[in-house]
Amino acid sequence: MATASWLTLAVWSASARAQVVLEAPAAVAEEANPNDPKLPFHLPSQSSDVKEALDDFHRFVAKGTWERAFKALDKVQAGFPNALTPREDGLLMPTRMLLRQALAELPAAGKQAYRLFHDADAKVLFDEAKGKEETEKLVKIFSSYFITTVGDVAADRLGDIYFEQGDMDQAAECWQAVLQYRPESALPRVRLLVKSAIAVARSGRWDEFAELRRQVGERHQGEMVVLGGKQVPAAAHLESIWNEHEAESKSAPAAEKGVRADLALPATLDPAWQFRMIGPREAQMLATLGQNWGWGRLPVSEMVPPAVVDGQRAYVNLLGYHLAVDLKSGKLLWRSAKFHDLAQKMQNNPQGHSPEQFNLAVAGDTLWSVFRDVQQLGQPGQPFRIGRWEAATGKPGWNSSTVAELQEWNIRGNPLPLGDRVIVAASKNGQGAELHLLSLAAADGKLLWSTHLGTSQADQNQMWGIQRSEQPSLVTYGGKVYVDTHAGALVAVDLRTGSLDWGLTYDSEMPDNNRWWGAPQETLTAGPPLVVENKLYFKGMRSPRLYCIDLAGPALVWKREVNKTSLVIGVDGERLYLGGADVEAIDLKTRKLKWSAHVPMATGWIRPVMTEHRVYQFTSRGVYELDKANGDTVKLFRGADLDSLGGTLLVTSQGLLTVSNLSITSYRVDGVADKPAESASAAGANP
Amino acid sequence: MRRTSNLGNECRNRVWRGAARMPLALTLAACLAWSSSLVAAEKGITVSGTGEVLAKPTHVEIDVSANAAAELTADAIQKYRDSLRRTTEAFEKLDMKALKIEQRELSFASSTPGGGAGMVLAVPGGAAPAAKPQVDISRSLRLVLGGIDQMEEAALMETIGTLLDTARDAGATIGQSSSSSALLAQMMGRQAGSTSMVTFVVDNASQQHEKAYQQAFAEAKSRAMRLAKLAGTALGPVISIEEAADAPKDDTSVQEQLITTIYGIGSKPKGGIRLTSDKFGDIPVRVTLRVRFSLGSQGTSSSDDEEEDSK
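These protein sequence lines map, in sequence, to chains A and B.
Quick note on the numbering used here: the first sequence kicks off at 1 and runs consecutively.
Quick note on the numbering used here: the second sequence kicks off at 688 and runs consecutively.
In short, the hints are calculated from the structure, not lab data.
Note that the coordinates shown come from a computational prediction; the quantities given were computed from them, not determined experimentally.
The C-beta atom is built at its ideal place from N, Cα and C for all residues, glycine as well.
Among the clues, some could well be false.
Chain A regions said to be covered by chain B (calculated; three or more residues, Cβ under 8 Å) [claimed, not checked]:
id, segment
1, 185–193
2, 597–604
Result set (DMTMM-like, lysine to aspartate or glutamate): computed pairs, CA atoms no more than 25 Å apart in a straight line [to be verified]:
id, chain 1, residue 1, chain 2, residue 2
3, A, K635, B, E839
4, B, K819, A, D494
5, B, K784, A, D632
6, A, K635, B, E779
7, A, K635, B, E758
8, A, K230, A, E136
9, A, K589, B, E758
10, A, K592, B, E839
11, A, K635, B, D856
12, B, K819, A, D459
13, A, K140, A, D494
14, B, K819, A, D512
15, A, K594, B, E779
16, B, K966, B, E845
17, A, K594, B, E845
18, A, K592, B, E845
19, B, K819, A, D36
20, A, K123, A, E105
21, B, K819, A, D632
22, A, K594, B, E776
23, A, K592, B, E758
24, B, K743, B, E839
25, B, K819, A, D169
Far from chain A, by Cβ distances over 10 Å, these chain B residues were calculated [claimed, not checked]:
id, residue
26, N754
27, G833
28, S927
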């Protein structure tokens with residue numbers, strides 16, 4: 001019997017080895033149509049007649065009928081240039097980029113014909129590109145007349161303008177377009193390469209810089225370029241920039257390099273301190289909320305409140321009650337209101353809480369919160385606000401209910417404070433299916449820009465607190481903000497202008513507003529996207545797929561099947577690590593599953609931690625410390641919060657902080673004293 | 688000629704008369720025999736005797752399973768291997784000499800994550816959203832901890848607690864195999880009730896049964912002798928013995944046995960005698976016999992038996 005079983009397993013194993021994980025598909029039929037009704041989220045896409053015109057253009061180009069092709073192109077150029085059009089690999093790009101690419105890929109005869117038709121118009125625009133209209137005219141040439149005789153020069157000038165304005169990404173795009181699509185350009189190639197390299201370096205895209213540096217070193221050794229009015233050796237100049245970057249990297253603490261030292265979990269269970277948010281009796285009440293009504297376990301029963309730390313304090317947003325606790329002593333420093341009767345209020349009104357919509361971020365001396373007024377606890381339909389508090393004292397600043405132009409917005413997702421701005425997602429009141437991205441002035445909440453990101457198939461306001469709604473996760477990198485809607489789409493938005501750079505609709509289950517008696521309640525996780533070495537990794541809340549996008553392209557590199565309950569923890573160069581009910585390691589080159597360790601998961605509100613050699617996850621049975629090499633449990637630290645469901649792990653200046661659905665607990669951990677505390681502002685506190 | 692035919696007729700008539708009388712004779716004979724047996728039966732007595740022996744459990748069994756589920760079969764296999772290795776290594780690290788780990792059945796199944804459609808009532812648009820099917824691989828393990836009859840209760844509790852914690856910490860599932868759990872979950876819904884995690888087993892079940900039989904027979908005989916004495920007759924030999932013992936228990940729970948009985952699905956009893964209980968304590972072994980003794984002078988008299996007993 002045993003022999004038969006092993007034979008069977010061997011056969012399965014042999015057939016399983018033949019399985020191939022999904023590589024980047026050449027054409028993804030279900031993702032190619034952005035308006036497909038089967039998609040749970042629709043990105044703002046180009047109108048159908050413009051898309052048809054683009055298809056006609058390609059068709060006429062293939063036949064060599066240039067006049068008809070350019071007529072079709074006129075329709076495309078008349079459309080909204082930033083609206084998204086699907087590419088073959090499933091990414092949706094602004095029409096202007098696809099148009100430029102389509103023109104650049106014309107055969108020689110086509111280019112010649114195009115210049116015959118449009119050179120004159122382009123030259124007129126080029127001559128008019130002066131003064132206040134310079135940028136506008138150059139943009140028009142770059143997007144519509146790039147392959148004309150003045151297209152390369154216009155792109156070069158436009159790149160210089162963007163560089164001076166500090167928009168490195170756009171500057172690099174202009175110069176690299178010339179390098180890629182205008183190889184015959186008379187502009188010195190080495191100069192374009194050097195300028196592109198400098199722009200991407202300033203944008204933090206060091207992988208691309210390394211490639212450009214290599215090209216200059218191999219093909220243009222000894223050549224000189226003029227930069228800032230001075231003649232400098234091209235290769236040597238880039239080498240000096242690289243050496244400076246390397247020196248900075250080596251001297252930076254490991255945490256700043258994104259590699260944290262392993263934590264020595266304490267030998268004893270006694271915490272340094274513990275702050276109890278929910279008492280045992282209240283915890284019992286919350287655990288059974290909604291059970292009598294047949295709703296199953298409600299999100300509010302398993303929620304772990306969002307928490308962030310700075311060097312001195314831990315901050316928690318407990319369903320709109322804000323509190324700050326001293327990291328050294330555990331003493332409550334301030335709170336926005338008394339919350340002793342919170343559990344009773346929740347029991348009186350079990351639904352409508354939407355705990356996943358509350359969020360926190362801390363930047364400098366300011367605490368940012370997405371919250372709802374505690375007087376409106378459990379009232380479905382009431383909008384969520386964004387507000388700021390003084391981190392040290394809890395003194396409230398403005399919030400979106402006090403700013404006229406923000407009152408119509410229901411704030412969603414994690415706030416992203418970036419210097420003098422804060423970026424956040426939102427929906428308009430009464431339009432819960434439409435998702436927008438807002439850029440607000442940090443000082444007074446003034447709306448700087450808003451961008452429509454797309455439409456969900458389900459109005460998230462109609463989840464009624466019975467199911468976990470989709471709250472976007474925002475991260476910033478290289479002058480862009482990447483938004484995972486957790487509804488089936490990821491978009492890249494330019495931080496400066498708010499324009500949609502590109503988008504991707506990914507494999508995700510359709511949300512269902514309906515709920516039937518006794519239906520099983522899913523435990524879902526929602527982790528933020530992760531950018532490592534210019535590659536973006538993400539997994540949506542209801543998606544059983546993990547995606548990798550090369551931001552240099554951008555291009556979809558690969559996607560892979562994973563557990564729906566997984567979330568991305570980190571990448572260490574060779575492997576990617578997922579947390580959840582199964583903590584897993586995936587080889588980045590082969591995408592094979594290297595190991596998997598099943599751990600108990602009683603709540604989806606988890607935030608694991610990755611260090612140099614370990615992965616830590618806070619569960620209902622304690623903190624698991626797993627060896628990254630093979631997934632074996634190095635230590636299971638029970639801790640002092642065993643009656644909780646598990647939750648968030650934060651590394652602080654004082655040690656290790658666990659935030660569960662019941663308590664905040666601090667443990668002294670060797671080796672973390674006086675090191676920078678974890679910043680949660682970039683990724684969002686509510687996982 | 689007439690005289691011959693008359694003679695023939697007479698012979699035939701005699702034959703027919705004889706033949707007609709045959710059934711009557713047979714019937715009479717049968718009645719006589721039956722009535723004599725009745726008389727004989729009336730002379731025997733039927734008594735029942737119950738023997739009960741309390742057996743101390745000698746080992747404890749805990750069923751766990753190492754499970755894995757993934758959309759890709761290769762992933763499921765990798766997860767299963769890791770899960771099985773970690774589970775068995777975790778128990779091996781405990782270094783309990785009295786602990787044995789038995790690998791039992793391996794199962795492959797297809798499932799849909801999220802619990803399936805649930806109970807879909809007449810709600811407009813109430814269909815569950817589609818989910819990707821997964822491959823489930825599960826290996827059942829049985830932990831057998833022997834020598835518990837030599838252990839103090841407190842020590843036993845601690846040891847069982849350690850085993851349960853080790854299983855949970857290693858990511859194993861405690862309880863019956865996934866197929867049984869799925870069956871129960873399907874038939875009984877979410878309110879399947881708690882199922883026992885630990886089974887206490889008596890090793891020498893056949894010896895215990897033997898003792899119980901002896902006790903049952905002795906009791907039956909004692910009753911018979913008392914009755915015979917009251918009747919003023921002697922107790923004869925045993926005419927028949929009928930057992931009305933409790934059905935041997937198998938490993939399945941009461942709920943699953945009920946479902947199997949009603950619907951004819953689920954696992955069949957494995958056969959053989961096993962003494963098990965989900966509670967720690969002496970396990971009663973009960974046997975009930977119905978014994979029929981004959982009465983009368985042919986057997987030993989009650990006074991003879993009393994003399995024998997006094998010796």
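Which earlier hints can't be squared with this structure? Of the numbered hints given earlier, those the structure breaks are 1, 3, 4, 7, 8, 10, 17, 18, 21, 25, 26, listed in rising order.
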